[in-house]
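**Student:** Sequence:
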Amino acid sequence: MNHISTKTSNTLLVFSLIIIFSSFIIPILIVGMIQPLMINYDQGYWYYSANITAYLWIFIATIFLGLGLILYITLERKFGDTIKIKIVSSLIVLISIACFLFGMNDYTYMTHDTIKFNAPLSMKEKEYKWDEVTKAQLIYNNDGVRVLHLAYENELEFEIDARKYYKNGILIRKILDRNGIKVEYPS
Numbered sequence: 001m002n003h004i005s006t007k008t009s010n011t012l013l014v015f016s017l018i019i020i021f022s023s024f025i026i027p028i029l030i031v032g033m034i035q036p037l038m039i040n041y042d043q044g045y046w047y048y049s050a051n052i053t054a055y056l057w058i059f060i061a062t063i064f065l066g067l068g069l070i071l072y073i074t075l076e077r078k079f080g081d082t083i084k085i086k087i088v089s090s091l092i093v094l095i096s097i098a099c100f101l102f103g104m105n106d107y108t109y110m111t112h113d114t115i116k117f118n119a120p121l122s123m124k125e126k127e128y129k130w131d132e133v134t135k136a137q138l139i140y141n142n143d144g145v146r147v148l149h150l151a152y153e154n155e156l157e158f159e160i161d162a163r164k165y166y167k168n169g170i171l172i173r174k175i176l177d178r179n180g181i182k183v184e185y186p187s
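Position 161 of the sequence shown, counted from 1, bears residue number 161 in our numbering, the numbering being contiguous throughout.
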């Protein structure tokens, strides 16, 4: 049986532990620095934010990568370098890459005309036009989180979380006012 050397095995083990322990920091760096470079923005965007789940997907990808390396090292030491171990390790790396891509495609940005939203399991943006909003309410959603709830004529709904709304509330209210919509506040 073919075994990787002890030195290489130990190096891979240390590397995988570094990946796992840094999995709390890596999502912040990747989502904060790399994701904005990968998005094809419309001209005139004035707000961009990665959705919270983007960080979670990158975290999962990082953990899978580290655990995949540990699994490979463990199985290789026990059984040698077999095709089954390579297949299992490759599948774990592919899962990690998929999670990474889901995280990189999870964002929201706004222009004066639209809200562009890309959910983590989607490779296509959804577009919500400001001029199609029929009602805007600041409410508490089912999770007890305060959101700006936008209703549309075609029964579409979109929620802007409070953090995004408070950062950009003046501009959002101006855009809604321009379209004849007043934000309703809870009593």
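Simulated from the structure, these hints should not be mistaken for laboratory data.
Misleading hints may appear alongside valid ones.
Pairwise CB distance ranges (calculated) [as the list claims (entries may be wrong)]:
#, residue 1, residue 2, range
1, Tyr166, Asn10, 47 to 53 Å
2, Thr74, Met123, 30 to 36 Å
3, Gly44, Met123, 56 to 62 Å
Here the structure is a predicted model, which is why all the values come from computation and not from measurement.
Cβ coordinates follow ideal geometry from the N, Cα and C atoms, glycine included.
**Student:** Of the hints stated earlier, which fail here?
**Tutor:** 3
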